[in-house]
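Just so you know, we're using our numbering here: the sequence shown kicks off at 1 and counts up by one.
In short, the hints are calculated from the structure, not lab data.
It should be emphasised that the depicted structure is a prediction, and the values quoted were computed from it without experimental measurement.
Careful: at least some of the hints might be erroneous.
To be verified - Taking lysine-lysine pairs in the BS3-like style, the calculated list, with each CA pair at most 30 Å apart, reads:
no. : residue 1 : residue 2
1   : K114      : K100
2   : K114      : K65
3   : K65       : K34
4   : K81       : K100
5   : K34       : K47
6   : K66       : K47
7   : K100      : K65
Stated by the list, open to error - Derived DEER-like restraints, expressed as beta-carbon distance ranges:
no. : residue 1 : residue 2 : range
8   : D26       : S129      : 37 to 43 Å
9   : P119      : G163      : 20 to 26 Å
10  : G40       : D120      : 41 to 47 Å
11  : K34       : H95       : 32 to 38 Å
12  : P124      : V102      : 17 to 23 Å
13  : D105      : A144      : 22 to 28 Å
14  : P74       : D116      : 38 to 44 Å
15  : S134      : D38       : 56 to 62 Å
16  : D38       : T103      : 47 to 53 Å
17  : E36       : Q137      : 48 to 54 Å
18  : P124      : D72       : 44 to 50 Å
Where a beta carbon is used, it is the ideal one built from N, C-alpha and C, also for glycine.
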Amino acid sequence: MNDTPTPYTDAPEDIKTQEPRLWCDDGWTARVIKNEDDDGWAVEMTKDGEAEPALVGPWTMGRDKKNPKPLDSPAFITLVKTANEVLRRHEQQLHATLHKSVTIDAADGRLTVKLDIVPDEDEPYAVLSAYDASGEQLAEVHVAPTYKLNVQRASEWAAGGFGKQG
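Starting from the given sequences, assemble the full structure and let the hints guide the process.
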């Protein structure tokens, strides 16, 4: 007989709930709620550990036209796929907002100028950098996080020697 205690395995991510209005599985919770905008129902999808739902959408009425249609496995799988896609698009949009790049033709040839915003809560800043065609970094400076990178500004920065004092 083994006297070794069994490790606690009922952590929240291990709990599966499959109720008509609440479904928890695969790192997600689907909850059918009363739609505040009308007489219908909505479903919210919340990723485990997150305070806010990643997705809220309309939910189908049941046959009695008063209560919501119960959650089931196929609906939950579709909701998880949709919520994951929403999160993926949000991450792509955030990345595009924080990381910009332009390519310019300068005296030294084709250059890539990048702007990487660091959204620090206390002191946000951005890093402006230039790279030659082989990927070697030519310059890097800190700029305001509100700096607007475009081809003209990048070209002027390169033409001015990247702000280096010579």
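For each hint, the structure was consulted:
no. : hint                    : in the structure
1   : K114 x K100             : holds, 6 Å
2   : K114 x K65              : violated, 55 Å
3   : K65 x K34               : holds, 13 Å
4   : K81 x K100              : holds, 29 Å
5   : K34 x K47               : holds, 20 Å
6   : K66 x K47               : holds, 28 Å
7   : K100 x K65              : violated, 50 Å
8   : D26 x S129: 37 to 43 Å  : holds, 40 Å
9   : P119 x G163: 20 to 26 Å : holds, 24 Å
10  : G40 x D120: 41 to 47 Å  : holds, 42 Å
11  : K34 x H95: 32 to 38 Å   : holds, 35 Å
12  : P124 x V102: 17 to 23 Å : holds, 21 Å
13  : D105 x A144: 22 to 28 Å : holds, 26 Å
14  : P74 x D116: 38 to 44 Å  : holds, 42 Å
15  : S134 x D38: 56 to 62 Å  : holds, 59 Å
16  : D38 x T103: 47 to 53 Å  : holds, 50 Å
17  : E36 x Q137: 48 to 54 Å  : holds, 52 Å
18  : P124 x D72: 44 to 50 Å  : holds, 45 Å
Comparing the model with each numbered hint stated earlier shows that hints 2, 7 do not hold.
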